[in-house]
Structure formats: structure tokens, C-alpha cells
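Number of protein chains: 2
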Amino acid sequence: MPVQPAFSVPSIPFILFLAALLAGPVGYAQEAPATRPPNVIVVFADDLGYGDLGVFGHPTIRTPNLDRMALEGQKWTQFYAAASVCTPSRAGLMTGRLPIRSGMASSVNRVLFPDSHGGLPASEVTLAEQLKAAGYATGMVGKWHLGHQPEYLPVNHGFDDYFGIPYSNDMDLTRKLTAASGYWELWTREYKNLTPADFNVPLIRDTEVVERPADQRTLTRRYTEEAIRWVRDHKEGPFFMYLAHNLPHVPLFASEDFLGSSRRGLYGDVVEEIDHGMGLLLEMLREEGLDQNTIVVFTSDNGPWLPTEISGGTAGMLREGKGTTWEGGMREPTIFWGPAYVRPGVVMEMGSTMDLLPTFSAMAGVPLPQDRILDGVDLTPVLAGNGKSARNTMFYYRGSELYAVRLGPFKAHFITEAGYRRDTREEHGIPLLFNVEEDPSERFNIAEAHPEVLEAIRKLTAEHRAKMVRKPDQLKDRG
Amino acid sequence: MPVQPAFSVPSIPFILFLAALLAGPVGYAQEAPATRPPNVIVVFADDLGYGDLGVFGHPTIRTPNLDRMALEGQKWTQFYAAASVCTPSRAGLMTGRLPIRSGMASSVNRVLFPDSHGGLPASEVTLAEQLKAAGYATGMVGKWHLGHQPEYLPVNHGFDDYFGIPYSNDMDLTRKLTAASGYWELWTREYKNLTPADFNVPLIRDTEVVERPADQRTLTRRYTEEAIRWVRDHKEGPFFMYLAHNLPHVPLFASEDFLGSSRRGLYGDVVEEIDHGMGLLLEMLREEGLDQNTIVVFTSDNGPWLPTEISGGTAGMLREGKGTTWEGGMREPTIFWGPAYVRPGVVMEMGSTMDLLPTFSAMAGVPLPQDRILDGVDLTPVLAGNGKSARNTMFYYRGSELYAVRLGPFKAHFITEAGYRRDTREEHGIPLLFNVEEDPSERFNIAEAHPEVLEAIRKLTAEHRAKMVRKPDQLKDRG
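Protein sequence lines, in the order shown, are assigned to chains A and B. At position 87 of the first sequence (counting the first as 1) the number is 87 in the working numbering, and the numbers step up by one without a gap. At position 447 of the second sequence (counting the first as 1) the number is 447 in the working numbering, and the numbers step up by one without a gap.
No lab work stands behind these hints, which were simulated from the structure alone. Keep in mind that the hints are not guaranteed to be accurate.
[Said to hold, decoys possible] Simulated pairs of lysine to any residue, SDA-like, Cα-Cα distance not exceeding 25 Å:
hint : chain 1 : residue 1 : chain 2 : residue 2
1    : A       : 388       : B       : 461
2    : B       : 388       : A       : 259
3    : A       : 471       : A       : 113
4    : A       : 471       : A       : 393
5    : A       : 467       : A       : 409
6    : B       : 388       : A       : 260
7    : B       : 459       : B       : 392
8    : A       : 132       : A       : 233
9    : B       : 388       : B       : 473
10   : A       : 235       : A       : 364
11   : B       : 388       : A       : 257
12   : A       : 388       : B       : 60
13   : B       : 459       : B       : 428
[Unchecked claim] Using C-beta positions, here's what the derived DEER-type ranges look like:
hint : chain 1 : residue 1 : chain 2 : residue 2 : range
14   : B       : 215       : A       : 452       : 33 to 39 Å
15   : A       : 280       : B       : 471       : 55 to 61 Å
16   : A       : 280       : B       : 455       : 55 to 61 Å
17   : A       : 135       : B       : 257       : 46 to 52 Å
18   : B       : 287       : A       : 386       : 29 to 35 Å
19   : B       : 456       : A       : 193       : 52 to 58 Å
20   : B       : 401       : A       : 463       : 57 to 63 Å
21   : B       : 113       : A       : 286       : 23 to 29 Å
22   : A       : 464       : B       : 455       : 58 to 64 Å
[Stated by the list, open to error] To list a few chain B residues with every Cβ distance to chain A over 12 Å, as calculated:
hint : residue
23   : 217
24   : 429
25   : 458
Even for Gly, the Cβ is constructed at its ideal location relative to N, Cα and C.
Based on the sequences and whatever the hints tell you, model everything.
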């Protein structure tokens, strides 16, 4: 167990980095983004809440590496996942489109399960395929969850290499639940007794199962090592690495070095191990001289899974969590880093994981597909410090249903529902309306005072619905 | 109105500062705190919530100066006010003692009002008196709230100079409330229509009223200017400046330059103006070469006043707010800064405003009063990066009653109550028990699982009660 320091101290390399900013002709973009296609690394956490990093306000989880990354880069405070649960969120990131368009959002099942038949259709163009078209090497490490049948695996969606688990780490449970204990009780009361052997999750390399059950205690460490090795092997670039940790989704496991490292308990241990891996990754980029031509993003797939109680994270001051269309379900703690491409600062503009495909496509100089609607926008000007975000709206779907719409600072909820209890579903004849910038916790309904805003959002929503084209539901068939 | 930047960017002086850390023999303490008595500046906000600064997680309040101060200094994540409302909290800071000991916590009135007779007894030794004994010049700017009768004013409690208001900015209301609207409705529905003329709050210099009603729109700016002028006038040192802003307590007012500056509305404008003042103050210290022999603390008197709705702040993920003994009522966003005395980092040790008197007394080399019990501890080793905090307990009083006790990470609630509704008061036969480090939001009662912790807290509490000596209630007499 690492000794718990009373402090985390800015490191000497960090100070050197800032000194270099001063001394040199500065590396990062002043007037326009750098034109050289950057290497791209996307690090994706699983069920990490908006409030679970130090720099996003957590009092007892120590994340010095992500804090530093935010300081050297951009901390985005209004950045959204494409959905509030795993499968559709990941589909949105990979395609730059609302998951409903690709058939990856369903009214029957919220995500893919081990007995599901479907997956991301081959007709979708992924971020990996986009960058591959620009000559990138493409590698993925971690949780995929866009179809585990062979034709849907990452290597059939634009990735040269893959190492990871195909769905969530709580699936394929082999342990019998006692009659008295339901799903949530398992996590809240029994999780400390669960072992990796209670799950039958496969670990896959490319298309081969190389370990089953995967030893989940060491996955975070092995993912980080694998990603670092892969980047070193492709350092001539350009490369795209998608590192999707399957934690801190329950069941929580940390490697021995991190068990007990955090004041926040096992959940904190797990987040601190992910933070540590982030530090190793950035350190390697510096060592290899890749820091000046690489852009790194850290974000998460959805908000904290609140019913898992102490095993779940926190959305901080945001309302609710995973599975819901409240802010806590879809707004993510997001950091962009890359001295040559990202002007340091706190960014309060809107962004989404769906914007990564257009943004990195622009940076790589590869045209966007013209035969389909994309929901992402190019964030390059904001990253370079040259302007406002082109994103002014968010459409919050739950499954295949549109629950809420944001326009500027205003968000209208047509339907609300808690993350885990269907009986809390409520349809609102007059939508609830919040100004989520003035009222980030969505406490004060201002619908009565702002009929003109509701009208504008109704109009926007009608246009959105009229243009919606959706592929067949990929999640419904099981067994 | 200042142009709203898309970014806040680390400034060149900040980068120079970090470069200087690298280049020089570094200025801050390595093995032991600097022995030269530091100049001391305490900046105190009013009703600012734990979650209301950028670096403490607020998504839409921009506080680049406080963020930078936290980065260059120490961000404390478990730092407590002495009480959950103004008067007793300020008494605790000034005396290093629980307010119940000085008679400044009452079962009748929670704070002093314009018709109150009492104040901080002359027999109390204040932080100003301690530092004066060590040869410091002592000045105070802002809200006092420890007695407005002449004998209780700051100049009779160890301060050479005083400029500010004697009690809260919402007192002395001259506007008639309509029959339909109570106190809270005034703030939530009518605050936008209130003007400084609706209050009769006096602005005092030393003991003279110089403006009545005080023009509250410009107070934050004038307080900052006054504090900067006073420090410049005493720059030969050593000096102690106590700058106690009376905002963001309702009614909210910002100067013209800040109206509309924030995405968070008027509350955000007000906090951003305080942040701006903090930046001016630190910049002046650098300009005057005082940055290497001054230590600055920023904190707040209590948590956010939640019933004032959109006019109140947020405690982030902490439970409840002002007036309560939940964490949101008394844990404050706290920053220590001073390159020669404070080793940069995130500090998760416990601290309290009551610790400032012992800490600064130690730094100034002045002995503590030996004829009374102090509740504060010397935080010097933690500031210097040399060890753990001597504080391992907190006693959470509401008025004159002990509601909760913290021992290490565990907190037992004997009584709980919301901030503003007496009918929510509940006495717990078996106290509620939370691990506030693992469960910062106080969601999961673990009393059943940890009888040994409850027993230890019961023993600690019995000892505390047995040794308690209290002065007569100073708040009860009014009219």
C-alpha cells in the first residue's frame, strides 16, 4: 500500500513544463490550431461522477495527475456524454451521432447484455475509421460494449488492435444471489465479498478470448500498461488510442498497490489507480517527446450509479446520476490536454463526446461522412482558445425516448425519471424548465416565467423529431 | 461589464512564480516553517458555500484568482468554521475558542441583531490582541458582527483601525414586507427589487458612522481598496489585516463592473467580484515585495443559506447548509497561501478557523493565553508540509447545544435539524454515525456496524462536557 501523503505537490517536471511555456516560443496555438495532425488519446472512465475528481471538487479522492492535466490543459465544466448508460453513450462517442440514429438506443433494453445478438452496425462510420482514413494507427484497450459478437468487435470497427472486455464488468455473474438480496443489495452489502471468480467476463485480444474470467483486480493496471506499450510501438504516429477503463463501474477492484490508498474507501482507491495510470501515460508522452504532437481527452461514459450507494460515485452538486436525463446522469468531468493544441483554461462552453469525431477529423484533415446526419460539432476553435463552442444544444434521450432538451443555458424536461425506479416516471404537460448555468442543481423551475424559452425549445424539438432517421433497434434481441 | 472570456488562462506572473520556484533556492519551508514572523491576511467571505469556487467544483462561477491561489498554496478540503451562523462563527475565529465559551452562542438568539445589547466580552483575547502583543499593526475591514455597541467594536478588541459594517447586511430592513411574503420570499421573489436604501445598515470608520445607509453596491470594491491601502500603509510590517466581506450574504449587490459578469447570475457576479478583489490583493503583495513574508487565508463563516434559493450558494456534494450541523453548514472552501510558509498541495487534514489564533501566534512567537481553554491547534507543521494536523476532532454546536461530534473520519449526530425549520429537529437515541471521508454527503448511517466508534465518541463527548466552562449568554438581551 502506498504511503498516504499529507500533500500532493506539483512535480518538478510540471514546473519545468510551465517554465518552458515561458522560455520558449510557446508551443500551443495562439491564433489558429496547429495544422499538424495530432496523435489522439481518448481515456474513458465508466460511471465516474461529475464530482469524483479533486479538480471537480471531491474532498477525499486524491487525483494529482488529472488535476495537473486540467491545469495544463482545459477543464470543461459543461461537457456531456451522448447518453446516461454505457452502450448508447459509447455508440455516441464512436459515431459522433445520437445513439438513437445507429439503433444503439432502445426502448426494450438499455444496454447490450452477454446474451444480446446485436451491436454497432457496420454501416456506421467510427472515429477509428475516420482517423484510419487519414493514415492513423488505431488501437483500443478496455471496455467496448458495442457488441461482442465477432463482427461487432473493435477490430471490425476500425481498430487495428484490441485488448479488453466486451461488456460491463458486472455481467456474467456466476454467484447465486440469495433470495433476500436483489441487485442493489449485492453491491451495497456483499461487494466486499465478491471476487473476480464470481464473474465470467472474458478478456479478449483482437477476437480471441485470452483469459476467462478476467482477473479484474489487475485490469486497470494492465490496461494502462497495454496502452503505454501500444503507444510506444506506434510513436512514429499518427496514432489513435482509445483507452476505456471498465472501472469505477461496480464491482470495484483495485490492485494491491492501491487497496486502502484513499480516504474515500474502495471507490476512491479505484479512481486513484485510474489517476495514477493517467500520470504514467502523460509521463511516457513527455519521455518519448510526444507531448507536443498529441492531444489527450479524459472523460466518462455517464454519471455515478447512485443506487450502488457507497460503491457508486457522486455527481457533486448536479442532480441525480447514471441512467437519468438530469445533469448528474450525463454531464462528465472532462479534461482536454495537449500543449500544442489546447490553450490552458477553464472552459464553460458546451461540449459532448459526440463532438470528438468532428473535432479530431478536422485536426486530421479528413472529411466528415456526407451521407448522414452528425450530431457532433468541431470544438477546435474552443480548444485553441479562439472562440465559442458551436454546440448550443443537447438532446437528452433515455433509451429511444427524448426526455429533455437544452438550448443555451435553458433545459426543458418533457419527462423525468429516477435512474432505477420506473415508478418515478413523470410526463410533464408543461415541461420543467431550468437555467442550468444559474441553477446547476436543477432546483428552481422557471417554466412559468419563461414561456418564450419553452416555445423556442418546442420549435427546436419539433425540427429535431422531424429530421430524425433511426436504424433498427440493435439492443432488443436477446437469448 | 467585463467581457466574458471563454477562458481563464494562467497568467505570466503565475508562470514566472513557478519558474522562480524551480530556479532559485526555493522560498518555502522544506524542513521547518520560516522563523520570521509573517504578515497575516485573513479574508473571510459570508455564507459562501463549500462548492462555490471553481477549484472546489462550481461549474459556472469563474474564480481564476482563488483557483490560482489554491494552486500556489494549499487547498484544504476538510476545514471548518467554528459555528454554522455568523456571530458565533466569527467569535470562534477571533478567540480560537468554541463560541459557547465566550458567551457568543445562545439558546435564545442565534446571532446579534441591531437591537442586541451584548458583544464579545473584553476578557476574551482576540487574534488581533495576540498579534498586537508581538508588535503587529492590526487593521480590520468589513463585517464584524461581534457587538455594535461602542465597547465591542474592533478598535476595542485589538484592532488599530476599522472600516466596515457592524452586523449583517440584511439587518435594519426599512422596507415593509407585504402580508403575503415572509422572510424567505423576500429574498427569493423580491430581492431583485431591493435597493441599498431598503436597509439602514451603518458604515463605520473606527467608531464613527460615516455613511447610513451604507451603499451596498460598492462595498466589496471599497473593502478591497481599503484593505489594499491599509496594507500599503503598513508594509514595513509586521501587520495583520482581517478583511471580512459581508457578501455573498443576501441581499446580493455587485458593482456595475460585475453585474452580469457571471453565468451563475447575481450570486455568481458577487462571488466573481470577491475573487477579483483577491487577485488585486495578491498582485499588490507581489508588487510591494510582500509575497515572501506574508501568509494569506481565504475561508468563509458558514455554509450557503439554502432557503434563499437562487440567491444562496451551494455546498456542492456536502449535505445541507448554513444554520445546520451537517457538513454543508460548517465545512468551508479554504485556501492558505504564502510562498515562504505554505508548501503547495491539496490538504485533506482537518482544520478550523479556531486554529488560526494558535497558528499565527506560533508563527509570531507570541505565547498563548494560559488561563483558559483554547480549542484551536497549531497548524504550522501542516502548512510547512511536515506532518499531520493536530486536529482530530470537531464539536458541532447549534447555538448553545452540542449537536454532533467528529472523531477522525467518523461523525456522530446526537441531534439533527434543518437550517430553517425547527419542526425538523430530531434527537437520536442512538446517534447517526457517518464516515465523512468515505461518505462526504452523509448518506449512509453506519452506527449499527460501529458500536466501538460510537463508544469512543461518547467518551470524548463526556470529557468535553465535563470540562466546559461557559460565560453568560451575550446574545439573549435585545430591545
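A quick look at each hint next to the structure:
The suggested pairing of residue 388 of chain A with residue 461 of chain B is violated, with an alpha-carbon distance near 55 Å, which exceeds 25 Å. Restraint check: the Cα-Cα separation between residue 388 of chain B and residue 259 of chain A comes to about 21 Å, which is no more than 25 Å; the hinted pair holds. For the suggested pair residue 471 of chain A and residue 113 of chain A, the alpha carbons sit about 19 Å apart, so the restraint of at most 25 Å is met. Annotation: proposed proximity of residue 471 of chain A to residue 393 of chain A holds, straight-line Cα distance about 23 Å (limit 25 Å).
Taken as a hint, the residue 467 of chain A and residue 409 of chain A pair is honoured in the structure, with Cα atoms around 24 Å apart against an allowance of 25 Å. Under the criterion of a C-alpha separation no larger than 25 Å, the hint pairing residue 388 of chain B with residue 260 of chain A is consistent with the structure, at around 18 Å. Only pairs whose Cα atoms come within 25 Å are accepted, and residue 459 of chain B paired with residue 392 of chain B is accepted, the gap being roughly 15 Å. For the hint pairing residue 132 of chain A with residue 233 of chain A, the CA-to-CA distance comes to about 17 Å; that is within 25 Å, so the pair holds.
With a CA separation close to 35 Å, the supplied pair residue 388 of chain B and residue 473 of chain B exceeds the 25 Å bound. Our distance criterion of 25 Å between C-alpha atoms is met by residue 235 of chain A and residue 364 of chain A, whose separation comes to about 16 Å. A hinted pair counts as satisfied when its Cα atoms are at most 25 Å apart, and residue 388 of chain B with residue 257 of chain A qualifies at roughly 22 Å. The suggested pairing of residue 388 of chain A with residue 60 of chain B holds, with an alpha-carbon distance near 15 Å, which does not exceed 25 Å.
Distance check on the hinted pair: residue 459 of chain B and residue 428 of chain B sit about 17 Å apart at the alpha-carbon level, within 25 Å; holds. Between residue 215 of chain B and residue 452 of chain A the CB atoms are about 35 Å apart, so this pair conforms to the stated range of 33 to 39 Å. Between residue 280 of chain A and residue 471 of chain B the C-beta distance comes to about 57 Å, which sits within the given range of 55 to 61 Å. Checked against the hint of 55 to 61 Å, the C-beta distance between residue 280 of chain A and residue 455 of chain B comes to roughly 44 Å, which is inconsistent with it.
Separated by about 51 Å at the C-beta atoms, residue 135 of chain A and residue 257 of chain B satisfy the suggested range of 46 to 52 Å. For the pair residue 287 of chain B and residue 386 of chain A, the supplied restraint of 29 to 35 Å holds, since their beta-carbon distance comes to about 32 Å. With their beta carbons about 27 Å apart, residue 456 of chain B and residue 193 of chain A fall outside the hinted range of 52 to 58 Å. The given range of 57 to 63 Å is respected by residue 401 of chain B and residue 463 of chain A, whose C-beta atoms sit roughly 59 Å from each other.
For the pair residue 113 of chain B and residue 286 of chain A, the beta carbons lie near 59 Å from each other, so the given range of 23 to 29 Å is not met. Distance hint check for residue 464 of chain A and residue 455 of chain B: the Cβ-Cβ separation is about 60 Å, which falls inside the suggested range of 58 to 64 Å. Even its closest Cβ contact with chain A, about 20 Å, leaves residue 217 of chain B beyond 12 Å, as expected for a residue assigned away from the interface. For residue 429 of chain B, the non-interface assignment is confirmed: its Cβ lies about 24 Å from the closest Cβ of chain A, beyond the 12 Å cut-off.
Its beta-carbon lying about 24 Å from the closest one in chain A, residue 458 of chain B satisfies the requirement of being farther than 12 Å from that chain.
Taken one by one, the earlier hints fail for this structure at numbers 1, 9, 16, 19, 21, listed in ascending order.
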